Each structure stands twice: as C-alpha cells, then as structure tokens.
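Sequence order for the protein chains is A and B.
For the first sequence, our numbering gives the first residue as 1, with consecutive numbering after it.
For the second sequence, our numbering gives the first residue as 257, with consecutive numbering after it.
It is worth saying that the hints were derived from the structure and are not from the lab.
Misleading hints may appear alongside valid ones.
Unchecked claim - Below are the PhoX-like pairs computed for lysine-lysine, each with C-alpha atoms no more than 25 Å apart in a straight line:
1) K414(B) / K45(A)
2) K239(A) / K225(A)
3) K424(B) / K120(A)
4) K73(A) / K409(B)
5) K112(A) / K424(B)
6) K45(A) / K185(A)
7) K409(B) / K508(B)
8) K188(A) / K120(A)
9) K185(A) / K120(A)
10) K424(B) / K414(B)
11) K73(A) / K188(A)
12) K188(A) / K225(A)
As the list claims (entries may be wrong) - Listed next, with one range per pair, are the computed distances between beta-carbon atoms:
13) S123(A) / R512(B): 22 to 30 Å
14) G410(B) / K120(A): 57 to 65 Å
15) A133(A) / A280(B): 43 to 51 Å
16) T109(A) / R324(B): 19 to 27 Å
To be verified - Short derived list, chain B residues pointing at chain A, Cβ under 8 Å:
17) L422
18) E423
19) N425
20) W427
21) R509
22) W513
All values reported here derive from a predicted model rather than from experimental measurement.
All residues carry an ideal CB built from backbone N, CA and C; glycine is no exception.
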Amino acid sequence: MRDSRGSLHIQGVEKNFALPQGDLRVLAGIDLEVAAGEFIVLVGKSGCGKSTLLRLIGGLETPSRGEIRLGDKGIEGPGLERGMVFQEPRLFPWMTAWENIAFGLRAGTEAKEGEATVGKYLSLVGLSGFEGAYPHQISGGMQQRAALARALVSRPEVLLLDEPFGALDALTRIQMQLEILRIWKESKGTVILVTHDIDEAVFLGDRIAVMSDRPGTFRDILPVKLPRPRDRSSAPFVKIRRKIYNEFFHSTRKEG
Amino acid sequence: MPSPGTNGKSPLFYRLVLPLLVPALILVVWQVLSDKGFFRTSILPSPLVIAQTLQSLLASGELLGHLRTSLVRVFEGFAVGAILGTVLGTLMGLSRFWDRALSLVTGLLRPIPTIAWIPVLILWMGIDEGSKVTVIAVGSFWPVFMNVLQGVKGTDPKYLEVARVLEKNRWVVLSQVILPSALPSLFTGLRVGLGIAWASVVGAELIAASSGIGYMIMYAREVSQPDVMLVGVVTIGLTGLLMDFLVVQLEKRLFRWNQAAGEGSK
Chain A
1 MRDSRGSLHI
11 QGVEKNFALP
21 QGDLRVLAGI
31 DLEVAAGEFI
41 VLVGKSGCGK
51 STLLRLIGGL
61 ETPSRGEIRL
71 GDKGIEGPGL
81 ERGMVFQEPR
91 LFPWMTAWEN
101 IAFGLRAGTE
111 AKEGEATVGK
121 YLSLVGLSGF
131 EGAYPHQISG
141 GMQQRAALAR
151 ALVSRPEVLL
161 LDEPFGALDA
171 LTRIQMQLEI
181 LRIWKESKGT
191 VILVTHDIDE
201 AVFLGDRIAV
211 MSDRPGTFRD
221 ILPVKLPRPR
231 DRSSAPFVKI
241 RRKIYNEFFH
251 STRKEG
Chain B
257 MPSPGTNGKS
267 PLFYRLVLPL
277 LVPALILVVW
287 QVLSDKGFFR
297 TSILPSPLVI
307 AQTLQSLLAS
317 GELLGHLRTS
327 LVRVFEGFAV
337 GAILGTVLGT
347 LMGLSRFWDR
357 ALSLVTGLLR
367 PIPTIAWIPV
377 LILWMGIDEG
387 SKVTVIAVGS
397 FWPVFMNVLQ
407 GVKGTDPKYL
417 EVARVLEKNR
427 WVVLSQVILP
437 SALPSLFTGL
447 RVGLGIAWAS
457 VVGAELIAAS
467 SGIGYMIMYA
477 REVSQPDVML
487 VGVVTIGLTG
497 LLMDFLVVQL
507 EKRLFRWNQA
517 AGEGSK
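Please build the complete structure, drawing on both the sequences and the hints.
Below, the structure is given as structure tokens:
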C-alpha cells in the first residue's frame, strides 16, 4: 500500500473573498482526511463553495486559513501531481485531440515515451480514431474525454473533477460515470469529484461529503459501503440517496 | 441573357455571375452615355478608350513598371509596420507595465492621419525611398498593432488556467496558448493593414516620386490624360482586391480549426 502518495490532508481550511462590501466567507472549518486511492464526492448546491474547495486543492486559490497537504507536502500553487478537469472541456481549439492530450505531458518527456503515453490514454478514454480531430469536430462528451486524458497523461496522484459531466445529456452522463469508474480502478489514483447530482454521488463515491452553503461547511460525511457496480434502483442505494436528499430539503424546511 | 425567370440559383451563379453582373452593367451604361455625349471626354473618357489605353500601357511595359515600383514600396513598408505592430502589440498585451507605460503615447499618436506625417517625414528623411516606405509603414502599423493587442489581451483566462494547472513555463504559454489564440486577430490586423498600406501608396508617392502608380496618376493629371489617370485608379482597385483575396485564402488554409467560428470556444 502506498500510504502517503495521493493522500490528502485538509485541516481547518477557511476561504474568504474580498468584496467591496466586505469579506465574503465562502468556506469555513473544512477538515477532511482522504486516503490514497479513495473516491470522494463533494455534493452541494451551486454557490456552496464546493468548486472553491476543489480549486484550493488544485492550488488555483490559496486558503485564507488552515492547511492542505498532499502526502507530506503542503500545497503551494498548481502542480501536475493534481490533475484537473473543469466543467467545460477547455480544449485548445487550434490543437487536434492528440495535440491537446499531449499538452498535458510533463515538460521534458521524451518524444517516444510521450507518444506511447498519449496513445495509451487516448484509447483508455475511448478516443482512438479521433486523434486528428479538432475540438469543434467532436461531441461534447468526446471533448470531455479528451480533457480527461489530458489530465491523466502526467499520471497525477489525485484527479480533481469539477462537475465534469454537468453539461452533458443524461445518457452520455451515465456512460461517462461508468468510464470514470473504470479509469479510476485502472489508475488506482485518488479522485475528488464535485457534483450537485445526488444520484451521481451515490453511484461513484466511497465517501460523500455533503456541503451546506454560506459559508460552505461539511454538513455530513457519509460512507457508501456498496459493492460496485452499484445498482441505482437497489434498496440500499435508494436509502442512501434519500438520506442525502433529506440533508438538503428537510433541514431547509426546518430553518425556513 | 439570364432573365429573372430562369431562377438559376446555382452556387456558380451566386459566386461568380452575380458579382460580375453589376460592374458589367455599370460599364455598359457608362459606355452608352459616353457615346451619346453625356460626359466630356476630357474629364471622363469612355470605358473603351480606357481599355485601349490600358492595353497600350501594358504593351509598352510602362504600367507594369509603375506597378512593380509601388508593390515593392508597399511590401517594404507593410513588412516594417506589421512586424513593429506585432511586437509592440504582443509586448503591451502581455505586460501590464509596458501597457501602462505606452498607452498614452499610442493613444496620442493613433488618431493622427497618415497623410499628416508626410510633411514631417520629408523634413526628417528627405524625399528618398525611405520617407515613402515610412508613410506606408505608419499606415499599416496601427491596424496590426491594435488587433494584436486586443487578441493577446483577449486570451481566454480559462485557457491560461489550464496551462497553469499543467505547469507550463512562460515560453510554452506564449507560443502554444496566447499566440495561437491571438492569431485570428493578428490576421484581421494584417488584412486591414495591407489594405491601408496599398491605399496609402498614392499618398506616399506625392513625395517627389518619379515612378509608381501614384506618380503615374499624378503626372497624367498634369499633362491632361484622364484615360491614363483612370487606368491607374482601376489598377489600384484591382491590385487591392487581388491582395485581399490572397490573404483570405491564406487565412482559410491556416485556420482549419477556426471554421466553426461563432460556435464559441469551450
């Protein structure tokens, strides 16, 4: 077991955004220990700070308070050991699928090795035959696969997914969920996925962090101890889904 | 004669026949009116007379000689203007320091029409080729500069974020992200700049030229040869059209990825 590689330690993280009318507290009191190889899902309403938390882990933002460590190293800025996929594919329109994926290679990768790696991940995400296509020539789902491959070619320890299937249609979305599971099993890396889809969260996560908003905190962290592949209509699955559903809608009823 | 009833909506009709139809019609009307004596020939010769003059100027090699001189000036001036515009536009687009430092200077110089520089340039550089080429360079500099500046500044921050996450160094970010994303703007600038460069050749040849299309037009006016004047004017128009066509073709070849423009870059 690789204990420290890919394990995340988030302690007392707080994030404030400076606004003209004063500081806005987006995240408060965030503590989370993620084991290497774990699949964590952050669920919450839009604006609850879940994407901000992901960007903090990604190093695109810095916490106002608290600490985030990967293994035993503190996070200072973005790094290739934390691959990131955004809600939009963000492929460069002037590069082919192949060139876009190869852009994710570590600087100084040997040409031959790089080519083999890109080829491997191209087929892993099911894009073989489309390496020469420009982004506008392929579907949104395929664009997101290419973005995924781009994040994977440098073999990150942690994969950060910011609602990557949010813009896809329901059927493509389900297929992408299956593929992300397959890729996760194959790569054995840690995955942190942000979503507002409860069904998606229960289907994918080892643990689900349910977030409340303003400021964003963890309301609950639920383990999902169901064997994969999970049956979305099975009784235990539905039970967990209902539990998360109630976290959002019962408590708001009580508050309001 | 294609009557409206034939309804020939083939692509060929729209691409070639229709655009040629209107100028052809203008020429016919112009010729008929000239024949009936509506225009004084000392002011506006008929199309046929102009065509004859064109033929003789072509045969003697005079027209092509002037054209070559003007083209060389335009390309020299355009090259200087375009390179300076690209470099300065990129510099100011990338660096907040240089943008701030130079914004007032460029803002002040930009509204000055190119023609206003001619007397100044004569004073500074004399009446040699240098001042003519400089006039053209100044004219083509601005559109290239403005478009490159806008293109570089307009790089989608989301793309820059991708490059940051992937730990790319400044050089990779510039050469593979910022410049490619600014390339369509650069091309717009080059296209407009080349057009302005060519259009300002006549102004440049006001400076004591002894050859060139502009000179030819000016001289023809002095010796009262309206047909030669008009041959010159038409030559400028046709050459400009051809240059624009070539740039557009080049653009199409270079930007295969941009053909779904308007779809938005996600």
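Hints violated by the structure (listed by number, smallest first): Violated hints (numbers, rising): 4, 6, 14, 16, 20, 21; every other hint is consistent with the structure.
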